[in-house]
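Generate coordinates for the entire structure from the input sequences, incorporating the hints supplied.
Chain residues, written in single-letter form:
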Amino acid sequence: MDVSDSVLDHLRHVAALPDLSGTRYELESEIGRGGMGVVYAARDRQLDRRVALKVMDLALAGEAQLIARLEHPAIVPVYETGILPDGRAFYAMKLVAGARLDYYLESAPSLGERLRITRRIGEALAFAHARGVIHRDLKPQNVMVGEFGEVYVMDWGVEAVAGTPAFRAPEARLDQRSDIYALGALLRFMLPASPPPALRAIADKAMHADPSARYPDALALLADIERFQDGLAVEAWSEPLWHRLRRFASRNAVLLWLLAAYAGVKFLLFFLRNL
Amino acid sequence: MRLDPDTTMGGPQGQFPSTQLSLLEAASAGATLPNEALERVSALYWKPVYRFIRVKFRKNNEDAKDLTQSFFATALQRDLFARFDPAKASFRTYLRMAVERFAANEHAARNRQKRGGDVEFEPVGEQAALSESPDDIFEREWRRQLFALALDDLRAHCDACGKQLQFEIFEAYDLAGGDRPSYADLSARHSIAETSVTNYLAWARRMLRQFVTERLRGVTAGERDLRDELRRLWM
Amino acid sequence: MNKILAGLLFGLVLGAIDGATAWFYPETHSVIGGILVGSSIKGMLVGLFCGWFARKVQSTKWGVLLGAGLGLLFAFLVAAMQHEHYLAIMLPGFITGAIIGFLTQRTGMPSLAAKRQA
Numbered sequence: 001m002d003v004s005d006s007v008l009d010h011l012r013h014v015a016a017l018p019d020l021s022g023t024r025y026e027l028e029s030e031i032g033r034g035g036m037g038v039v040y041a042a043r044d045r046q047l048d049r050r051v052a053l054k055v056m057d058l059a060l061a062g063e064a065q066l067i068a069r070l071e072h073p074a075i076v077p078v079y080e081t082g083i084l085p086d087g088r089a090f091y092a093m094k095l096v097a098g099a100r101l102d103y104y105l106e107s108a109p110s111l112g113e114r115l116r117i118t119r120r121i122g123e124a125l126a127f128a129h130a131r132g133v134i135h136r137d138l139k140p141q142n143v144m145v146g147e148f149g150e151v152y153v154m155d156w157g158v159e160a161v162a163g164t165p166a167f168r169a170p171e172a173r174l175d176q177r178s179d180i181y182a183l184g185a186l187l188r189f190m191l192p193a194s195p196p197p198a199l200r201a202i203a204d205k206a207m208h209a210d211p212s213a214r215y216p217d218a219l220a221l222l223a224d225i226e227r228f229q230d231g232l233a234v235e236a237w238s239e240p241l242w243h244r245l246r247r248f249a250s251r252n253a254v255l256l257w258l259l260a261a262y263a264g265v266k267f268l269l270f271f272l273r274n275l
Numbered sequence: 001m002r003l004d005p006d007t008t009m010g011g012p013q014g015q016f017p018s019t020q021l022s023l024l025e026a027a028s029a030g031a032t033l034p035n036e037a038l039e040r041v042s043a044l045y046w047k048p049v050y051r052f053i054r055v056k057f058r059k060n061n062e063d064a065k066d067l068t069q070s071f072f073a074t075a076l077q078r079d080l081f082a083r084f085d086p087a088k089a090s091f092r093t094y095l096r097m098a099v100e101r102f103a104a105n106e107h108a109a110r111n112r113q114k115r116g117g118d119v120e121f122e123p124v125g126e127q128a129a130l131s132e133s134p135d136d137i138f139e140r141e142w143r144r145q146l147f148a149l150a151l152d153d154l155r156a157h158c159d160a161c162g163k164q165l166q167f168e169i170f171e172a173y174d175l176a177g178g179d180r181p182s183y184a185d186l187s188a189r190h191s192i193a194e195t196s197v198t199n200y201l202a203w204a205r206r207m208l209r210q211f212v213t214e215r216l217r218g219v220t221a222g223e224r225d226l227r228d229e230l231r232r233l234w235m
Numbered sequence: 001m002n003k004i005l006a007g008l009l010f011g012l013v014l015g016a017i018d019g020a021t022a023w024f025y026p027e028t029h030s031v032i033g034g035i036l037v038g039s040s041i042k043g044m045l046v047g048l049f050c051g052w053f054a055r056k057v058q059s060t061k062w063g064v065l066l067g068a069g070l071g072l073l074f075a076f077l078v079a080a081m082q083h084e085h086y087l088a089i090m091l092p093g094f095i096t097g098a099i100i101g102f103l104t105q106r107t108g109m110p111s112l113a114a115k116r117q118a
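The listed protein sequences derive, respectively, from chains A, B and C. Residue numbers for the first sequence follow my numbering, beginning at 1 and rising by one. Residue numbers for the second sequence follow my numbering, beginning at 1 and rising by one. Residue numbers for the third sequence follow my numbering, beginning at 1 and rising by one.
None of these hints come from the bench; they were simulated from the model. These numbers come from a predicted model, not from an experiment. Relax, there's no trap hidden among the hints.
Derived CB-CB ranges, DEER-like:
#, chain 1, residue 1, chain 2, residue 2, range
1, C, Ser-59, A, Glu-26, 52 to 60 Å
2, A, Phe-148, B, Ala-176, 43 to 51 Å
3, A, Arg-173, B, Arg-189, 55 to 63 Å
4, A, Lys-94, B, Asn-105, 57 to 65 Å
5, B, Arg-155, A, Glu-80, 34 to 42 Å
6, A, Arg-116, B, Ala-176, 51 to 59 Å
7, B, Gly-222, A, Pro-77, 33 to 41 Å
8, A, Lys-94, B, Ala-160, 42 to 50 Å
9, B, Ala-160, A, Ala-16, 21 to 29 Å
10, A, Arg-69, B, Asp-179, 46 to 54 Å
11, A, Glu-80, B, Ala-160, 31 to 39 Å
12, A, Glu-159, B, Gly-222, 13 to 21 Å
13, B, Asp-179, A, Pro-73, 43 to 51 Å
Computed list of chain B residues with no C-beta within reach of chain A, every gap over 10 Å:
#, residue
14, Glu-39
15, Arg-58
16, Glu-62
17, Lys-65
18, Ala-89
19, Met-97
20, Ser-182
By construction, the Cβ of each residue, glycine as well, lies at the ideal position given by its N, Cα and C atoms.
Okay, structure coming up:
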C-alpha cells in the first residue's frame, strides 16, 4: 500500500488524537504540547463546560497523581483522571482562559503587578515544596495569567525535555533549590529594562551558581521582595549609604516634613521679628 | 503474528499484548541480530535507504538498488548493531549514518580502482538545489514505510476478524487522496448511522496507532528510543 | 506601649522642646521656666487626647488633623492669656500638635502596617 505525503500527514495527525469514546468528553482542538504530553480543549458533555485534557503515556502518569492532589489557587485544579481506550492516561482539568506570562508582559504591566504575579508563583512553589513536589521546569511559558488576574503555574514535575536553558539551574540533580533558581530567573525576566537595584540583587541571589548561597526557600525570596515594597532594607543587596538615607527619608516622609515645617516656621517668625 | 481480536470498542482492553521484541532484547543473545530482527529492519528500512542513497549520492536507479542491497546484505551482518549506543541517538539516526559511511567507503573503494578520479557523485554541495535535505527525506520515507506496513497489518487484522466494513470506512475517509467524503456521505453509502462512522474511524485509528507502535517497537533499541520516536512521529 | 501613655510622653517632650525654643527670644529669658512648664502641659494635653483618639481610630490623617487642631487651640488659649505673640505661639503650636498626633498614631504598630493604613 503506497501512502502519499498528504495521507501520511493526515494519518500522523488523526492517529495521535486521543480516542475519547467511553469518556464524557468531546475533543475540540489541540492547545499545546508540554513536556509530559499534549493538551487539548474538550467539552464536558455532562456539565456542559469546556475543559483542558492532558493526554500522556501511562508511564509518566505516576508523578502526575501527586500533583493532581495539590489544591492551591495557583495550581490548576484537576477534575478527573482516567485511562483512554488506546492505553494513554488523561487528566481533565480547568481550562484556563487567559494569557501565557510572556505574552501577558507585552501589555507592559506596572512593577507592582509584576511583583504580585511573582508572589503568586512563589506561594505556589512554597506550597508544593512543602508537600514534596518540585516543579523542575519553571519558566514564563508555564505560567498563565487568567482573565481575572489570577495566576496559574502549570506543567509540574516534568524535567525540561528541550529545556529553556535560561531558567534551568546549573546543577545536575534538580531539587527545591533549582526551583528557587528558576523563580529568580523568572523575576529577572519580569523586571523592566532598568530595574531597581534591590530587585536585581534579589534575582541574582536566587540565581547564584551555588545552590546553598541561594534563598533557602521560596518564602524567603518573597519576604525580601516584600521588604523592598515596604521600603525596608533587602537581604540580597547591601545598599550604599545615600540610598539608605533616601529610603529612610521616604519611609518617614510625613514626620520629616512636619519637622521641616516646624523649623521653617520658627526661622520665619524669628527673622520676621528681627526685620 | 496472531493478535487477539478486538472485541470491545472502549476500555483499556482494546490494547493487545505486545509480541514484539525491541532490538536490544532481540540482540541480548549476542552482538549480532537474529535473522528475524534483521528482516524486520529490512522490511522497514529498505525503501528509505534506497531513496536516501539516490538523493544524497545522486545515484541512478540501478546503482542505488545495488548499494542498498549490498548494505543490507553485508553491513547489517557485520557487528553493526554492536556499536550502537542507544544513549547517543535513535536507531534510525544510527542506521542513516551507517548508510552514509557505507556509501562513502564504497565510493572511495571504487575510485581507487579507477584512473583519473572522475568523480561520480558529490556527497555535499548539491543538496542546496533540493527543497529537503537527504536526512529529512530519509526520515519521511521511513515514516511512509512504517505507516504502509502498519496499514497492511491493519488490513490483515480486519480481514481476520471480519471487520472489513470498518476498514472500508477507514480507507474511504482517512486514506482518501483528494477530497474526503463527509460522514454523512459515508453513512449513506454504507447504510449505517453517522455515529457508527465516527466509532469505526475511532476504532481503526486506535488500531492503526497500536500497529504503528508495534512495528516501531521491533526496530527501536528499547523503551526510551521507542518513546522518543513516537513523540517525534505524532503530530 | 499604651497609646495614651505614648501620647503623654510625646506631648511632654515635644511641648518642652517647643517651649525651649522661646530662648531664642531674649525677652522671655526671665519667664522661660514658666514657658517650659506651660508648653509641656500644653503638649501633654494634646498628647492625651491624641493618644485616646489613636486607640479608637486608626487613621494617620485624622490623628494629624486632630493633633494640629488641638495644638492650635491650646496655643491660642495661651496666647490669648498674654494678649500677644499670637502668631509666634500658635503657628509652632499647630505643627507641634500635628507631630504629636502623627507619632501617637504610629506608635506600637509595625511600621509597614502603619504605612499601609496611612
